[in-house]
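J.: Let chain A serve as the given structure and place chain B on it in line with the hints.
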Amino acid sequence: GAVVSQHPSRVICKSGTSVKIECRSLDFQATTMFWYRQFPKQSLMLMATSNEGSKATYEQGVEKDKFLINHASLTLSTLTVTSAHPEDSSFYICSAHQMTSGSTDTQYFGPGTRLTVL
Amino acid sequence: GENVEQHPSTLSVQEGDSAVIKCTYSDSASNYFPWYKQELGKRPQLIIDIRSNVGEKKDQRIAVTLNKTAKHFSLHITETQPEDSAVYFCAATPSGGTALIFGKGTTLSVSS
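As given, the protein sequences belong to chains A and B, one line each in that order.
All the letters of the first sequence, read from the start, carry residue numbers 1 to 118 under my numbering.
All the letters of the second sequence, read from the start, carry residue numbers 119 to 230 under my numbering.
The following block holds chain A by itself, in its conformation from the complex:
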């Protein structure tokens, strides 16, 4: 099956620093990747849709200048949390959209990145 990797799996940083998270589709090309945020015991909240070669589309309430997304290739999208603060501490999960036979909807998730901002 389709495999999506994410790096790093855990990161602890000081307040005010920036953190970059990578999401890779390992065995397929993903024209679209998605970034989600999940707080403890809560659901996944869509942050943005990342399209290869174009600007990301952010959901309402998500600051695009704070959460920088780059989709450099068909297998790599990055999320940079700039000037991180403790309230940004969360579980960040990416997903990659794979075209399946006759359908366009299957998404596969990365293992997530646990960000802790001190």
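Please note that the accuracy of each hint is not assured.
What the hints assert, rightly or not - A few chain B residues that face chain A, going by a derived Cβ cut-off under 7 Å, partial list only:
# : residue
1 : Lys175
2 : Gln178
3 : Arg179
4 : Ala181
5 : Phe220
6 : Gly223
Stated by the list, open to error - Straight-line alpha carbon distances no greater than 30 Å define the calculated DSSO-like cross-link-like pairs of lysine-lysine that follow:
# : chain 1 : residue 1 : chain 2 : residue 2
7 : A       : Lys41     : B       : Lys155
8 : B       : Lys160    : A       : Lys20
9 : B       : Lys160    : A       : Lys14
It is worth saying that the hints were derived from the structure and are not from the lab.
The C-beta atom is built at its ideal place from N, Cα and C for all residues, glycine as well.
T.: Chain B alone, transformed into the frame defined by chain A:
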């Protein structure tokens, strides 16, 4: 935009019993409805999905039904086992897009 409601938030069953989780959605043009299982600290795993041109789909102990008229879909797990214990999320894909909008999740506990 699309809104997905999921019930119940917690569900406890005895091993061998059936479990049913229900979701409703608001966008009548949504056309794809996956279910994910997430264990603590891990990624969501797709367990079954259904598309709007199908009313029911089954995969061993897991089945999903879709009622487009009522805009609701349900996950059915039969002969539950302790390893089925996890958080289950339903989701829907709004029309014209590929992003998933998730329900709030159901914590299923199966006791032996």
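J.: Indicate, hint by hint, whether the structure satisfies it.
T.: Hint by hint, here is what the structure shows:
1. Lys175: 13 Å, violated
2. Gln178: 17 Å, violated
3. Arg179: 20 Å, violated
4. Ala181: Since the shortest Cβ distance to chain A is 19 Å, the answer is violated.
5. Phe220: 5 Å, holds
6. Gly223: Hint on Gly223/B: holds, closest Cβ of chain A at ~5 Å, below 7 Å.
7. Lys41/A <-> Lys155/B: Given that 30 Å is the threshold and the Cα spacing comes to 14 Å, the pair holds.
8. Lys160/B <-> Lys20/A: 20 Å, holds
9. Lys160/B <-> Lys14/A: 25 Å, holds
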